[in-house]
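**Q** The chain contents come next:
Protein chains: 2
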Amino acid sequence: MPLPAELHRELAALLGEGSGWLTDPGERLAYAYDNSRREAVPDAVALPVSRAQVQALVRACFAHRVPVVARGRGTNTTGASVPVQGGVVVSFERMDRIVEVRPGDRCAVVEPGVLNGDLQAALQAHDLFWPPDPTSAAFSTIGGNLACNAGGPRAVKYGASRDNVLALVAVTGTGELIHCGSATTKGATGYDLQRLLVGSEGTLALIVEATLRLTPLPPQRRAVRALYSDVASAAQAVARLMAQPVTPSMLEFMDADCVRLARDVGGADLPPDAGALLMIEADGDAQTLPHAVEALLRAAGGDGLVALDDAADDAAREQLWAARKALSPALRTLAPGKINEDVVVPVSRIPQLVDGVRALAQEFALPIVSFGHAGNGNLHVNILFDPADAAQAERAHAALARVFALTLQLGGTLSGEHGIGLAKREFMPHAIDPPTLTLMRGIKAVFDPAGILNPGKLLPRRDPPSTRSEHPGA
Amino acid sequence: MPLPAELHRELAALLGEGSGWLTDPGERLAYAYDNSRREAVPDAVALPVSRAQVQALVRACFAHRVPVVARGRGTNTTGASVPVQGGVVVSFERMDRIVEVRPGDRCAVVEPGVLNGDLQAALQAHDLFWPPDPTSAAFSTIGGNLACNAGGPRAVKYGASRDNVLALVAVTGTGELIHCGSATTKGATGYDLQRLLVGSEGTLALIVEATLRLTPLPPQRRAVRALYSDVASAAQAVARLMAQPVTPSMLEFMDADCVRLARDVGGADLPPDAGALLMIEADGDAQTLPHAVEALLRAAGGDGLVALDDAADDAAREQLWAARKALSPALRTLAPGKINEDVVVPVSRIPQLVDGVRALAQEFALPIVSFGHAGNGNLHVNILFDPADAAQAERAHAALARVFALTLQLGGTLSGEHGIGLAKREFMPHAIDPPTLTLMRGIKAVFDPAGILNPGKLLPRRDPPSTRSEHPGA
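First to last, the sequence lines map onto chains P and A. Under UniProt numbering, the letters of the first sequence match residues 1 to 474, in that order. Under UniProt numbering, the letters of the second sequence match residues 1 to 474, in that order.
Keep in mind the hints are simulated off the structure, nothing from the lab. Just so it is clear, the structure is predicted and the values come from calculations on it, not from any experiment.
Since the list can't tell identical chains apart, any single copy or any two copies may satisfy a pair.
Heads up, simulated EDC-like pairs for lysine to aspartate or glutamate below, C-alpha to C-alpha not over 20 Å straight-line:
hint : residue 1 : residue 2
1    : K157      : D127
2    : K325      : D314
3    : K157      : D285
4    : K444      : E176
5    : K325      : D309
6    : K325      : D264
7    : K325      : D313
8    : K325      : D310
9    : K338      : D386
Whole structure, please, built from the sequences with the hints as guidance.
**A** Quick look at the structure:
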């Protein structure tokens, strides 16, 4: 379905044909996909340079009932930026200014297209940082980070995107400009709309400016690697680490399969009796850091501990992280395809999750490995399979449904930091009860009465195909 | 307007006449007011014991279009729990169970009627605490704390109520039970409704259960008192304190008038050249705390410092806090009435706020003093006057409007931790622009289509009387 000719003329005039308004098929193709490997070519791509342009283009699309899909750099893994119903992709690559860094107020004002990594570099001069550190940080945008509530390893101490935003300026589905929050760390003035917009995946409004909460950069960090005989012992250590006052700045976990892969395939130096691994980091200054590390070493010790290594310097720290870094390439040797989910459970339920996932791997005869952000109970469960083998692919998707069912049974939820997008929308009715889902639809309609903002994402279809029989336990 | 007879019969049968359903005028009077000194007698008081009772009573009130006003212990200062349109006050005093403390997950599940102080006492056995610490903590409820996004001094390090809630179960204005969030510190599964409900003052839903995020209790704390020649020097110290990695666990401020009052009226031991005071606390363990205090002492030093005292033990700490504690009784000697607001500005703008307030005190010929949570830019501006003197009372209210206008001009907002309630609703159009306010009204209608939940609070009247001429600068 091509765009209405009148809309095309209006937006070409507004944004500039061939510069801010792209309709060439080759150019549109570059905005068709994201890191989910899903793909749908938009009817046009808009590259606005100002909030006024964003408002004008959304108003025009609202008048013509044409979909508007906001896009950062397409690093998300859920299909959230794939324009499945066509329409206009709005890429914020030309709205990439750091408007202001205000060290005295511990905040920065940015346009949505700023790269996370570029912001961090600019903040370093002020000895500040913005906590969210997704793996994609070097090439993902602040707008994208906010859209999916991106986290990363540092979230265990410093929170995810939602915890680190003070105010947003955004454009709703009718083209209205709204101002949510203020550049203050406290606020009790009406409804908190800025945290509602974070994680809404472009379905409620397009963020055109964000005031981010910053944190002073600790001058030093130190890593500890703890190996345990089994997952249960490692999980107990996680609980001990999280129950004492020194919160680690990272607390990453690898299950037995991951440890084996990192050793046997990735060549990491790990003893054969290690059945689980924790990478623990602390940050602070020269005076306090040694004491913080001591506290973490004490908490890491206990039943099932096989080895405990404390990196004295940066080189040793890199060495300890080598096992974790060897994992991702090693995973690729197991199978050409993987489903990488980011379920989250209460921390105390990590052992049940890992055990349950291991049982599913047996039941479905597929390798499934778990690693990730243990301090938040946020594990990346990777189901490995060969996409060319239809039976394997089917088993992988059946196993995925069971992973979600298990997570929900354990009091967790579908996603900790990737979001829902296309990939998980049909699982939403398993996670969110009908009255709450109805409220979410109602809120969507308030922000976007014509349903033009990122249609087909986050919220499930109104009459989802019955999936109960496919997903027992859900 | 008495309640419809049918509704009365239904709710008396549901809740128990004279036990869970009170209609005696004397009993109703006890639920008519809050700490704002405003008063309106409800038509009945409901004391439910279960979420099922809350659902049934809201459904019945919805059917009859009768107002429902949730109430903790009425400690709020904004009139938010005063039933100005009559109807049913729902007091949660019989839903006061601590359902579960889960140390391994750093969370507690509670009913809304639990007192903040009782929860803290129960958590102490687990070496945990819930950060919000309003002055009223001993006798205010968790439900009330959540309703107004209560903060307190510790918020500078640990956040306010909204930052410390993981999940909520609530009853909407149609009597639907909704489940928002999960007992996990990360979540990217649909819209974040739990943080939207926090601070909504009972206008969107009635919270019937909360899963609170807990923090390990630091075993020790130490206080530093810093005196400065003037407010600007103190404010620069606040900026320095907040820019280094050791975040104080409290950072309280008193302006020159407060220092003078605490000394001359309260008898506090303060030198005559002190024009501003900071109380700074750090917490931690025996190993790290001395270094943290050193870092704070370093940051507190600088231009304009008059004296710096570091309390070596608990007795000395109490001594240092004495000046702050002498303030409130001393204030009462100045005038019988006060308007105590809790405006919040970006930290770097504290000097402009304090200077501006001092100018307003002169202009309106009334004592106005400022003190409060400097690390959050959240100052309690107290306008002192004699309510029996009509001219003074009028000047006080005119000055108040100008304090709000000044705060907004400085990029701040109306309330940091008290909320809006009745007291500030007509100032909302100055703080929130029309499209954003329209969205807030839309969200209210989604949760509460009949407008029965705490009507007349938080959102301004649809056609507010023009206040522009009264509040120049707004």
